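> These protein sequence lines map, in sequence, to chains Z and W.
Sequential numbering of the first sequence, starting at 1, is according to our numbering.
Sequential numbering of the second sequence, starting at 1, is according to our numbering.
These are computed hints drawn from the structure, not numbers from a lab.
Model, not experiment: these values are computed from the prediction.
Don't take each hint at face value.
[Stated by the list, open to error] Calculated Cβ distances over 10 Å to all of chain W for the following chain Z residues:
| # | residue |
| --- | --- |
| 1 | L9 |
| 2 | A11 |
| 3 | D44 |
| 4 | F51 |
| 5 | R72 |
| 6 | K97 |
| 7 | D100 |
| 8 | T101 |
| 9 | T133 |
| 10 | G137 |
[To be verified] Computed spacing ranges between beta-carbons, pair by pair:
| # | chain 1 | residue 1 | chain 2 | residue 2 | range |
| --- | --- | --- | --- | --- | --- |
| 11 | Z | D16 | W | P59 | 16 to 22 Å |
| 12 | Z | P144 | W | D28 | 42 to 48 Å |
| 13 | W | D15 | Z | D7 | 49 to 55 Å |
| 14 | W | K132 | Z | P39 | 20 to 26 Å |
| 15 | W | D28 | Z | T2 | 47 to 53 Å |
| 16 | W | T119 | Z | K53 | 41 to 47 Å |
[Unchecked claim] Derived lysine-lysine pairs resembling DSBU-like cross-links, with alpha carbons at most 35 Å apart:
| # | chain 1 | residue 1 | chain 2 | residue 2 |
| --- | --- | --- | --- | --- |
| 17 | W | K24 | Z | K94 |
| 18 | W | K132 | W | K36 |
| 19 | Z | K48 | W | K132 |
| 20 | W | K18 | W | K132 |
| 21 | Z | K109 | W | K18 |
| 22 | Z | K94 | W | K21 |
| 23 | W | K36 | W | K24 |
| 24 | Z | K109 | W | K129 |
| 25 | Z | K97 | Z | K116 |
| 26 | Z | K116 | Z | K10 |
| 27 | Z | K48 | W | K18 |
| 28 | W | K68 | Z | K53 |
| 29 | W | K24 | Z | K97 |
| 30 | Z | K53 | W | K36 |
| 31 | Z | K94 | W | K129 |
| 32 | W | K24 | W | K129 |
| 33 | W | K36 | Z | K94 |
By construction, the Cβ of each residue, glycine as well, lies at the ideal position given by its N, Cα and C atoms.
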Amino acid sequence: MTTANFDALKAGDTIDGPAFAVSRESIRLFCDASLDYNPLHLDDNYMKGDFGKTNFGGIIMHGMNNFGLISRMLTDWALPAGAIHRRLETRWLKPVKPGDTIRPAGTIKAKQTTAKSRWVLVDVAVQNQRGETVAAGEAMLEFPAK
Amino acid sequence: MAQAESSAATPFETDFWKDAKLRKVWDDIVPGEPRKTLPYQLTQDAIALYCRAVGETNPLYLDEAAAKAGPYGGLIAPPAIHILLMFACTPADDWMRSPGTVNAGQSWSYNIPARPGDTITLQARALDKFIKRERLFVVHDNVFFNQHGDVICSGRGQTIRPM
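Given these sequences and hints, build the entire structure.
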């Protein structure tokens with residue numbers, strides 16, 4: 001994993017995130033922590049039904065759990081260097097289910113200096129244990145000018 | 001348990017079916033119209049519970065002495081605490097709670113951290129709605145403020161509405 005040093009960073013450098021084991025318990029805990037008790041995350045009977053053309057076949061993890069893991073990866077990387085997590089945009093590509101293990105990762109895409117600060121753009125993605133990308137997006141970190 | 005509580009007198013209703021009939025369906029949602037919101041006092045317990053759910057261990061969120069010596073001079077919440085604030089700051093009849101609401105993606109910008117003890121308010125609305133591949137989408141926009149009127153974070157997202 002690359003160090004969060006603005007001058008040394010270059011496109012293609014990587015940031016490693018933590019593995020996260022998804023279980024019925026982890027999803028239930030996320031319900032309590034987020035107050036999002038949508039039956040998508042709680043009710044297997046409800047999830048036997050179809051959603052348009054999609055059938056999930058059982059409860060799924062909150063998409064925002066991916067978001068929280070990516071955010072955790074970014075802050076854990078940036079904060080010790082005095083950098084600030086300023087933006088995160090994500091989209092969900094595949095459902096995540098109990099039994100899956102997911103892991104976020106980042107790749108430095110570009111650096112930008114503006115009138116008053118310095119910025120790093122990071123491509124982010126979350127993959128499951130089969131190497132499938134379940135969430136993807138882009139983040140922006142600020143490295144305040146010295 | 002250390003469950004987050006709304007500052008409203010009534011406890012948080014975890015059965016999202018209960019008020020389902022009161023909520024707007026896609027047809028009722030008017031882009032531009034503000035959503036009803038509630039002020040919410042963020043507690044250290046709620047922050048700790050969120051941290052546990054996503055495995056956050058940074059002392060800035062959890063260790064008062066370490067946080068006091070750190071860059072923010074005290075405990076802060078992780079940036080993504082808006083995941084909780086979205087539901088904490090909206091009433092039971094808010095359409096974001098409609099069973100079957102599917103999150104299609106979000107983007108958030110962060111200004112200053114939320115802190116334990118903050119009284120947080122939300123300004124929120126639907127911005128747009130559209131139909132794509134037989135699915136009903138709504139674009140929403142949200143800005144969270146602290147008790148000083150400072151922006152904590154702002155975000156927009158898309159949900160697919162239940163049919």
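> Could you run down the list of hints and mark each one as holding or not?
The hints, checked one at a time:
For L9 (chain Z), the shortest C-beta to C-beta distance to chain W comes to about 20 Å, beyond the 10 Å cut-off, and the non-interface label holds. The beta carbon of A11 (chain Z) is kept farther than 10 Å from every beta carbon of chain W, the shortest such distance being approximately 22 Å. With a closest Cβ-Cβ approach of about 14 Å to chain W, D44 (chain Z) is found to remain outside the 10 Å limit, as its non-interface label requires. For F51 (chain Z), the non-interface assignment is contradicted: its Cβ lies about 7 Å from the closest Cβ of chain W, within the 10 Å cut-off.
With a least beta-carbon separation of about 5 Å from chain W, R72 (chain Z) fails to lie farther than 10 Å from that chain, contradicting its non-interface assignment. With a least CB separation of 15 Å from chain W, K97 (chain Z) remains clear of the 10 Å interface cut-off, as annotated. In this structure D100 (chain Z) is separated from chain W by more than 10 Å, as the shortest Cβ-Cβ distance comes to about 15 Å. Here T101 (chain Z) stays apart from chain W, with its beta-carbon at least about 13 Å from theirs, past the 10 Å limit.
For T133 (chain Z), the non-interface assignment is confirmed: its Cβ lies about 14 Å from the closest Cβ of chain W, beyond the 10 Å cut-off. At roughly 8 Å, the least C-beta separation between G137 (chain Z) and chain W is not larger than 10 Å, which violates its mark as non-interface. A C-beta distance of roughly 20 Å is found between D16 (chain Z) and P59 (chain W), which places it inside the suggested range of 16 to 22 Å. Range check, P144 (chain Z) to D28 (chain W): about 45 Å between beta-carbon atoms, so the 42 to 48 Å window is met.
For the pair D15 (chain W) and D7 (chain Z), the supplied restraint of 49 to 55 Å holds, since their beta-carbon distance comes to about 53 Å. For the pair K132 (chain W) and P39 (chain Z), the supplied restraint of 20 to 26 Å holds, since their beta-carbon distance comes to about 24 Å. Separation of D28 (chain W) from T2 (chain Z) is about 49 Å and conforms to the stated range, judged on CB atoms against 47 to 53 Å. In this structure the hint that T119 (chain W) and K53 (chain Z) lie 41 to 47 Å apart at CB holds, the actual value being about 43 Å.
Using a Cα cut-off of 35 Å, the hinted pair K24 (chain W) and K94 (chain Z) holds, with the two alpha carbons roughly 27 Å apart. For the hint linking K132 (chain W) to K36 (chain W), the alpha-carbon distance of about 27 Å falls within 35 Å, and the restraint holds. Restraint check for K48 (chain Z) and K132 (chain W): the C-alpha separation of about 24 Å stays at or below 35 Å, so the hint holds. Proposed proximity of K18 (chain W) and K132 (chain W) is supported: the alpha carbons are some 29 Å apart, at most 35 Å.
Restraint check for K109 (chain Z) and K18 (chain W): the C-alpha separation of about 46 Å exceeds 35 Å, so the hint is violated. Between K94 (chain Z) and K21 (chain W), the direct Cα distance comes to roughly 30 Å. Compliance with the 35 Å bound is thereby established for this hinted pair. At roughly 12 Å between alpha-carbon atoms, K36 (chain W) and K24 (chain W) fall within 35 Å of each other, so this suggested pair holds. Under the criterion of a C-alpha separation no larger than 35 Å, the hint pairing K109 (chain Z) with K129 (chain W) is consistent with the structure, at around 32 Å.
Distance hint between K97 (chain Z) and K116 (chain Z) is unfulfilled; the C-alpha atoms sit about 43 Å from each other, more than 35 Å. For the proposed pair K116 (chain Z) and K10 (chain Z), the alpha carbon gap of about 21 Å is at most 35 Å, so the pair holds. For the proposed pair K48 (chain Z) and K18 (chain W), the alpha carbon gap of about 20 Å is at most 35 Å, so the pair holds. This hinted pair does not check out: K68 (chain W) and K53 (chain Z) have alpha carbons roughly 51 Å apart, beyond 35 Å.
At most 35 Å may separate the alpha-carbon atoms for a hinted pair to count; K24 (chain W) and K97 (chain Z) meet this at roughly 29 Å. A hinted pair counts as satisfied when its Cα atoms are at most 35 Å apart, and K53 (chain Z) with K36 (chain W) qualifies at roughly 32 Å. The straight-line distance between the Cα atoms of K94 (chain Z) and K129 (chain W) is roughly 23 Å, inside the 35 Å bound, and the hint therefore holds. At roughly 13 Å between alpha-carbon atoms, K24 (chain W) and K129 (chain W) fall within 35 Å of each other, so this suggested pair holds.
For the hint linking K36 (chain W) to K94 (chain Z), the alpha-carbon distance of about 32 Å falls within 35 Å, and the restraint holds.
In this structure, the hints that do not hold are numbers 4, 5, 10, 21, 25, 28, in rising order.
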